[in-house]
Amino acid sequence: MTKKKQEKKQQKKPREISKRQLSRWQKQRKRERLIRFTGISIIIAVVCVIVAGIYITQFKPLYETVIKVNNAKFSMQYFINTYNYFLEQQPGTQPYLMIGQVEREIKQNELIRLAAMELGITVSNDEVDEELEGRDPPLSKDHRDIIRTQLLAEKLLDEYFDPQIPRSAEQVHIQAMFLESEAQALEVTNKLAAGDDFTGIAAELSLDNATKEKKGDLGWHPRDIVSGILNSSVAEDYAFNAEPGVLSQPIYDEDKPKGTGYWLIKIVERKEDSNAVKIAVIQLGSQAEAEEAKARLDAGEDFGDLAAELSKLDEAKEDRGDVGEVTPGMLSKPMDDFIFGPEVELETVSEPIHDENTVTDGGYWLIKVLGKDNDREIDEEDRTLLKGKALNEWVESLWDNPNYTVESFLDNEKVNWALDKARELRG
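Okay, so the sequence shown: first residue is 1 according to our numbering, each after it adds one.
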């Protein structure tokens, strides 16, 4: 091919694209863009669904109001933070049991804040910050309201309640001991009449912790302090109406708890394929009561009837003594020794079994008033207790104040969600 022809070929015009081809190409590009756009849209939609799902299930509930006191709203996040704080302060507490306490605490803290403000008593943010930083280790700002309430309580005690508590009042100096039965109380009365020492017997036999630790001598105290120390209005009422120097007759107190009891146990059934034993029980408050009940059983009375009549254990009382199956280690050693004894036959009823690891109500006081003064100066420890009692009564009264509206939006579903989230946050 000549050079001239080659140059002519190179100068040949490029092939033109027809309108049909251009249209087809443009449609193809449009389809490709549409496919890419659709794919991206699907991906975005999926991501949005996932994010929305996470937000709805994990984050949105945190901002929902679960408690409201007047106009103050408390979110789920606030509730969980408070819950974890109290759980940390009270290790060993069952998590689910803490829910009600925390719910009440949040409501009560706001009631205290509102009522204190009406009295002109407030705590500034600077005071709260200073207290937060002063704790060891320092507390986070999540605990501001808890600290604020503590500081408010201190101010209320000092500024509002202290002026209301008198500096002097009627007081008595008493000795007291709490015994399990009238028979034991009469026996002790005879010993005291024979010259035995009240303090020595109280230290040995009293079933009330305060009188046992103080060897029966409580010293001088005004009203409301004696009942608080002894956890008994019965003992206080007697003491402030008694003549000094006279030992009381046994005084029955049906509501006073004591850390002792007695059991009558009946073997109902032994499981052949396990160590389980089905039993029925009657719980009694004193040896005398237990011996009397055992005598009635020996005379032919029905175990279920007596359990329904006498047992201090509510479950056994309601079910005529039936408490189901037990296995070794579930009960105290003296009870286990009888239940799992190899020679104990079915339908056998135990002799009274003493148990110092149980609690029963009821017992008898012996009280002696050593002195009485109608206007004795109250010591500072008792005044502090009286101020605390006044504060507690004031706080309780806030719940019935018609000026305050308290609402809770917690239900079982939200409580379970809160427990799971709180556990997650604790790690």
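Honestly, the hints are just simulated from the structure, not real lab data.
Glycine is no exception: its CB is placed at the ideal position from the N, C-alpha and C atoms.
One thing to keep in mind: the hints can contain errors.
As the list claims (entries may be wrong) - Calculated lysine to any residue pairs in the SDA-like style (CA-CA distance at most 25 Å, straight line):
#1 Lys421 - Lys214
#2 Lys389 - Gly228
#3 Lys278 - Val268
#4 Lys421 - Asp145
#5 Lys155 - Lys421
#6 Lys191 - Tyr160
What the hints assert, rightly or not - Restraint ranges, calculated between C-beta atoms of paired labels, are given here:
#7 Glu381 - Glu269: 53 to 59 Å
#8 Trp399 - Ser124: 48 to 54 Å
#9 Ser75 - Pro334: 31 to 37 Å
Numbered hints the structure breaks, given as an ascending list: The structure conflicts with hints 1, 5, 6, 8, 9, although it agrees with all the remaining ones.
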